[in-house]
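> Sequence:
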Amino acid sequence: MRVDEVFNLASTIEPLNKSEILPLSTAVGRILAKDIIANRSLPAFDNSALDGYAFAYADINNPLKIKGVILAGDKSSYKIAPNECYKIMTGAIFPDGADTVVMIENEQFDNNGNLIVPLDTPQNNAKKIKGEEIKSGELLLSKNSKLTPANIMLLAAQGISYIEVIKEPKIAIFSSGNEINEPWDECDNLSIYNANGFGIISALNQHGFKSEYKGILKDEISSIKDAIENSNDYDIIITSGGASKGEADYMNQVLNMLGFEILFDSIDVRPAKPTKCYKKGSKLIFVLPGNPMSCLLAVYIAVLPYLKKLAGHSDYILESQIAKFKGNLKFKASRANIVIGTAENGEFRATNNNIYSPSMIKPISLSNYIYISDVGQNGICDNQEIKIYKIS
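First residue of the sequence shown: 1, per full-length UniProt numbering; consecutive thereafter.
Derived from the structure by calculation, the hints contain no laboratory data. Glycine included, each C-beta is placed from N, C-alpha and C at the ideal position. Take these hints with a grain of salt, some might be off.
[As the list claims (entries may be wrong)] Calculated pairs, BS3-like style, for lysine-lysine (alpha carbon to alpha carbon, straight line, at most 25 Å):
1. K146 <-> K332
2. K167 <-> K214
3. K387 <-> K326
4. K34 <-> K127
5. K362 <-> K332
6. K130 <-> K79
7. K65 <-> K79
[Unchecked claim] Pair ranges (Cβ atoms, derived):
8. K332 <-> K362: 22 to 32 Å
9. A72 <-> G215: 49 to 59 Å
10. I21 <-> A333: 46 to 56 Å
11. N17 <-> G159: 26 to 36 Å
Between the sequences and the hints, there should be enough to build the whole structure, so can you do that?
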């Protein structure tokens, strides 16, 4: 399957039909489960946008007697008569009869202590009208909106402290292979530490998804089958290793045995080609390559779009931008190729001229963007404009 077909398939995934209620302070980045209607106007009352003096514009040519001071938070009612004003603080309730504020920096007084208003003060200056931003009863935020910090502020300004959001998928992470050891275990120089599991967990965390690490699966059909059957309460299972056709592919046998259908059994791209995705009901299982770079790239181009769609995100593809490629690069046209590199000031440079092995980790640790070529494309020219995807 081509990379664009993987993206298109992700677009068909329906969000989980589950929701949860969270404290507003922890809900940033989550997706609203329902429309939110404003229960109060913003501003909730006429008030001043700055420190100054509130008066009736009709009296601008006359000295104004200062009746007193209105402070922010003062809920008393105030009213001015002709040729009167109030000193008013930012956010304070506007007095009846006033329609304009002269800023405190422009204050002038006559010999009797009356306010003289500069004649260039515009009418309605600095008066914030009740409901000019939001009116009570109107739609505040739509279902499936992403809760940004600004949206959190909107909700808090309505007195909302808990919010219903789409529940994120419950994710289990397994590594696999008899040759793999955990980083906290002692092993000799001929053994391999488990880098993939921690790379997957970190990439998911980077995009706001929590997951549970469930350990290393042994290359045995019985242990793999038991692990999958004991993970029924997870929406997503992600494993690495056992994806290539040349490996002991027990995972494929087990998933066929358990009635999973395959959505794709490879992606036509290097690296990350041996990436598989299985589905049964609403559960998805991803089997990622064992090579570390291939594994991590598969998370970015295959796993994350599906997770984001399940969680209700509309922006489910990696963040992208257009950049100018610096240098000249050739690659095989018979497949799509991933170029790893760095982007800065609108320019993209390949890390180590894109010379790497899928088993390496350091080249991708030095990179923050990737470029995915089209099948049939044999290279990139200097200053060519390309679309790149952010990975860190």
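> Hint by hint, note whether the structure agrees.
Here's how the hints hold up against the structure:
| no. | hint | result |
| --- | --- | --- |
| 1 | K146 <-> K332 | 40 Å, violated |
| 2 | K167 <-> K214 | 21 Å, holds |
| 3 | K387 <-> K326 | 13 Å, holds |
| 4 | K34 <-> K127 | 34 Å, violated |
| 5 | K362 <-> K332 | 23 Å, holds |
| 6 | K130 <-> K79 | 17 Å, holds |
| 7 | K65 <-> K79 | 13 Å, holds |
| 8 | K332 <-> K362: 22 to 32 Å | 23 Å, holds |
| 9 | A72 <-> G215: 49 to 59 Å | 57 Å, holds |
| 10 | I21 <-> A333: 46 to 56 Å | 52 Å, holds |
| 11 | N17 <-> G159: 26 to 36 Å | 29 Å, holds |
Going down the numbered hints, you'll see the structure goes against 1 and 4, while the others check out.
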